[in-house]
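Q: Sequence lines, in order, name chains B and A. In terms of our numbering, the numbers along the first sequence are unbroken and rise by one, the last being 219. In terms of our numbering, the numbers along the second sequence are unbroken and rise by one, the last being 520.
It is possible that some hints are incorrect.
[What the hints assert, rightly or not] Okay, the calculated bits of chain B under chain A, using three or more residues with CB under 8 Å as the criterion:
#, region
1, 46-54
2, 93-104
[Said to hold, decoys possible] Straight-line distance between alpha carbons at most 25 Å, and here's what the computed PhoX-like set of lysine-lysine pairs gives:
#, chain 1, residue 1, chain 2, residue 2
3, B, 154, B, 200
4, B, 37, B, 88
5, B, 158, B, 95
6, B, 213, B, 113
7, B, 113, B, 158
8, B, 216, A, 268
9, B, 216, B, 154
10, B, 113, B, 37
11, A, 443, A, 518
12, B, 88, B, 158
13, B, 215, A, 268
14, B, 200, B, 113
15, B, 154, A, 518
16, A, 443, B, 109
17, B, 116, B, 95
18, A, 268, B, 158
19, B, 200, A, 443
20, B, 37, B, 109
21, B, 213, A, 518
22, B, 200, B, 215
23, B, 116, B, 88
[Claimed, not checked] On the chain A side, residues computed to face chain B include the following (Cβ under 10 Å):
#, residue
24, 222
25, 223
26, 228
27, 264
28, 332
29, 443
30, 445
31, 448
32, 452
Calculated from the structure, these hints are not laboratory results. Ideal Cβ placement from N, Cα and C applies to all residues, glycine included.
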Amino acid sequence: MLASPETILGGLCLILVNLLLASTYRPEEDEDRETVKECVEGNRDAFNILVEKYYRRIYNLAYRFVGDQEEANDLAQDIFTAAYQNLKRFRGESKFSTWLFQIATNRGKNRFKYLKRRGYFANKGPSDGDEDREGLPRELPDSTSNPEDLLAGKEIQKIVQEAIDDLEPDHKEIVILRDIEGFSYEEIARMLNLPEGTTKSRLHRARMVVKEKLKKVLS
Amino acid sequence: MSECDQISGMFLELHEGSVDSETRSRCYDHMNECSCCREEFQWYSDAVKALAGLERVSPPRDFMVHLDRRLDAVSSRSWLDFLKDLTLTAPRMPLPAGMAALFCIVLIGYSLFRQPPVELARHSETPVSAEVATAEEGGKSIAPAPRRATITTMGGDGALAPAYYSSLSNPSTNLPRIPLTTPESGMSGAQAAHNLLPTVADRLGADNLTVVSSRPEEAQELLKRILPGLQGTVVREDLRPSARERLVRIIIPPDAYGSLTRALVDHGEIESGAGAGVDPPKPVQEQGNGILLYVRFVKPQ
């Protein structure tokens, strides 16, 4: 049934108001804006500057998703390649780093799901020296030069990484972004296109899972 | 939900210190008394600490070299990739151009929307039946209702109403032709045909009503409200809905015809026209104990 003229007029006014609001929206300040602009214009060196700035963090994030150096290397290369190919689609409405980590998170999650389907994490199994876990301290060690504590620290790291590997993909990405990479809730919500409340509740559930895993192993 | 469950649900806020002092006091008071919650919170804090304490993993030294090679391979794309990215090479449309385009689309849509509905196709050559000649109008040709009239009873033959209805169920049926001469103007059928095309309601019958209202949908709702008081019912609505014309098929008791027309006139939503004192014509369509009417609501031209 066709709408009345009043309805059409009302809809038109609503659209106009939204367009006006959108035109007044100012994107957040981005220190990489000029560099990104040069990349879009075809300056490859500008892109290398961005890679140099972010590749360590991206690699670390990739590693936390897949838990393996080789896979992490491949994933990180994929992430930067995707960013390079899609740079023209970057509108500048968010910071470049937010956009880059959004790509990284999506690709990391997809790679994790792919590897999990292929049984990659099941085949990995528990790390060597599992029997040594009986002697692990309950207290998580701080930085120390004691070799025994260092070893315990490394074991703890493996246990924590295994706990992360057991998480669901949605929980895993939240934990990596918040607890490992240190993004704020606002940035995470923007990256994942979620409300902040949902971000926090997912993080809480993910932490509880990690807590249970640690408790089970270390108790 | 037990208090322990409530406290454990707040571990995130407690750990990050984002709760108000009253809630924090309540939680810590509980944990002072409940060793389970206290231990769970300790484990929770340790887990978060362990996650934050994960060592950063360094990429291999040749990472940039390999990436460079990969980007070189990507840069040399085929013409298919260029076509795929063709839309990306176009500049972003500025806001005023987008608004102007949107306005044009809405204007075109509105213009199309405002076009009058398509009239029913002219019917077959079948002449009006002889029943018209024997109708109460004394054998004169029955003219279609004048277009500027307000509440009018329309001339026609009762046989047209069932013909119209049958045409609804069988669209291929042709309606009988209506003579288009008008007693007032004396125009021939051909002359009248240039000015006035017979509409749906023109074919409906002697006792059917046309109501001219600036708000036909409200008038239609009014009719539905007053019908129960007249012991009438709605049979079908909006047989041909459009912005300018609405049609309702109703059944009313034979003695309610005058009350119906008076109610429609007196309410004020509808312009007065023929007046309340119009004698109802003889009903030509009976339905059980009631008479069948088509009431047509149109907007003034």
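Q: State for each hint whether it applies.
A: Status of each hint after checking the structure:
{"no.": "1", "hint": "46-54", "verdict": "holds (count 4)"}
{"no.": "2", "hint": "93-104", "verdict": "violated (count 0)"}
{"no.": "3", "hint": "B:154 - B:200", "verdict": "violated, 29 Å"}
{"no.": "4", "hint": "B:37 - B:88", "verdict": "holds, 9 Å"}
{"no.": "5", "hint": "B:158 - B:95", "verdict": "violated, 33 Å"}
{"no.": "6", "hint": "B:213 - B:113", "verdict": "holds, 21 Å"}
{"no.": "7", "hint": "B:113 - B:158", "verdict": "holds, 20 Å"}
{"no.": "8", "hint": "B:216 - A:268", "verdict": "holds, 17 Å"}
{"no.": "9", "hint": "B:216 - B:154", "verdict": "holds, 18 Å"}
{"no.": "10", "hint": "B:113 - B:37", "verdict": "violated, 34 Å"}
{"no.": "11", "hint": "A:443 - A:518", "verdict": "holds, 18 Å"}
{"no.": "12", "hint": "B:88 - B:158", "verdict": "violated, 39 Å"}
{"no.": "13", "hint": "B:215 - A:268", "verdict": "holds, 14 Å"}
{"no.": "14", "hint": "B:200 - B:113", "verdict": "holds, 22 Å"}
{"no.": "15", "hint": "B:154 - A:518", "verdict": "violated, 83 Å"}
{"no.": "16", "hint": "A:443 - B:109", "verdict": "violated, 60 Å"}
{"no.": "17", "hint": "B:116 - B:95", "verdict": "violated, 31 Å"}
{"no.": "18", "hint": "A:268 - B:158", "verdict": "holds, 14 Å"}
{"no.": "19", "hint": "B:200 - A:443", "verdict": "violated, 54 Å"}
{"no.": "20", "hint": "B:37 - B:109", "verdict": "violated, 28 Å"}
{"no.": "21", "hint": "B:213 - A:518", "verdict": "violated, 74 Å"}
{"no.": "22", "hint": "B:200 - B:215", "verdict": "holds, 22 Å"}
{"no.": "23", "hint": "B:116 - B:88", "verdict": "violated, 32 Å"}
{"no.": "24", "hint": "222", "verdict": "violated, 17 Å"}
{"no.": "25", "hint": "223", "verdict": "violated, 13 Å"}
{"no.": "26", "hint": "228", "verdict": "holds, 7 Å"}
{"no.": "27", "hint": "264", "verdict": "holds, 9 Å"}
{"no.": "28", "hint": "332", "verdict": "holds, 6 Å"}
{"no.": "29", "hint": "443", "verdict": "violated, 18 Å"}
{"no.": "30", "hint": "445", "verdict": "violated, 24 Å"}
{"no.": "31", "hint": "448", "verdict": "violated, 29 Å"}
{"no.": "32", "hint": "452", "verdict": "violated, 24 Å"}
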